[in-house]
Amino acid sequence: MRDPDRGMEVIADDCAFEDIARGEKLPGKEAYQSDYYRWREAFPDGLCKVENVMVSQDGQWATVEFRNTGTHTGVLRSSLGDFQPTGKRAEVRYCSVMRVKDGMVVEGRDYYDSATIARQLGLIS
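Residue numbering for the sequence shown is 126 to 250, as defined by the working numbering.
Calculated directly from the structure, the hints in this document are not laboratory data.
Any given hint could turn out to be false.
To be verified - Ranges of calculated distance between the beta carbons of each label pair, as one might list FRET restraints: (1) 159 - 182: 27 to 35 Å; (2) 187 - 150: 38 to 46 Å; (3) 241 - 169: 16 to 24 Å.
To be verified - Straight-line C-alpha distance at most 25 Å; calculated SDA-like pairs for lysine to any residue: (4) 150 - 179; (5) 150 - 160; (6) 213 - 179; (7) 154 - 227; (8) 150 - 171; (9) 150 - 137; (10) 213 - 176; (11) 154 - 217; (12) 226 - 176; (13) 150 - 175.
We treat Cβ as the ideally placed atom computed from N, Cα and C, and that holds for glycine.
Hey, can you work out the whole structure from these sequences and the hints?
Structural data, given as structure tokens:
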């Protein structure tokens, strides 16, 4: 998936997301969308593939496993600082745990291993 607007269709305006690895809260749909664009700026050729979707029995929670791939050709901005392009490919696997109400995501948390990303980009050994 390369169309951020497609994913935004199911994010509630007052959604409360949290990026656990970075320790950042993303309050509201606009913050969530800005975070997506932050990633796209760093990996303009990036692709996001949904690997698995698991839904709770009551239908209120979903866990989605994703795989992002791309080449680091733009600045990667983060709470840890800005990382200049390395030209290296990265494959990032992560999970989003989301609470759904009336068909819209109202709360969520993203989990991933930032050290693996840093190693793939040659930022750490």
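Hint-by-hint comparison with the structure:
Taking 27 to 35 Å as the suggested C-beta distance range, the pair residue 159 and residue 182 conforms, at roughly 33 Å. The given range of 38 to 46 Å is broken by residue 187 and residue 150, whose C-beta atoms sit roughly 20 Å from each other. In this structure the supplied range 16 to 24 Å holds for residue 241 paired with residue 169, their Cβ-Cβ distance being about 21 Å. With a CA separation close to 24 Å, the supplied pair residue 150 and residue 179 stays within the 25 Å bound.
Between the alpha carbons of residue 150 and residue 160 the distance comes to roughly 10 Å, so the proposed pair stays at or under 25 Å and holds. Straight-line distance between C-alpha atoms of residue 213 and residue 179 comes to about 32 Å, which puts the hinted pair past the 25 Å bound. In summary, the hint linking residue 154 to residue 227 is supported, as the alpha carbons are separated by about 16 Å, within the 25 Å threshold. A distance of roughly 23 Å separates the Cα atoms of residue 150 and residue 171; the hinted pair therefore holds under the 25 Å criterion.
The suggested pairing of residue 150 with residue 137 holds, with an alpha-carbon distance near 15 Å, which does not exceed 25 Å. A threshold of 25 Å between alpha carbons decides the hint, and for residue 213 with residue 176 the separation of about 23 Å falls inside it, so the pair holds. A threshold of 25 Å between alpha carbons decides the hint, and for residue 154 with residue 217 the separation of about 23 Å falls inside it, so the pair holds. Straight-line distance between C-alpha atoms of residue 226 and residue 176 comes to about 23 Å, which keeps the hinted pair within the 25 Å bound.
With a C-alpha separation of about 23 Å, the suggested pair residue 150 and residue 175 falls inside the 25 Å cut-off, and the hint holds.
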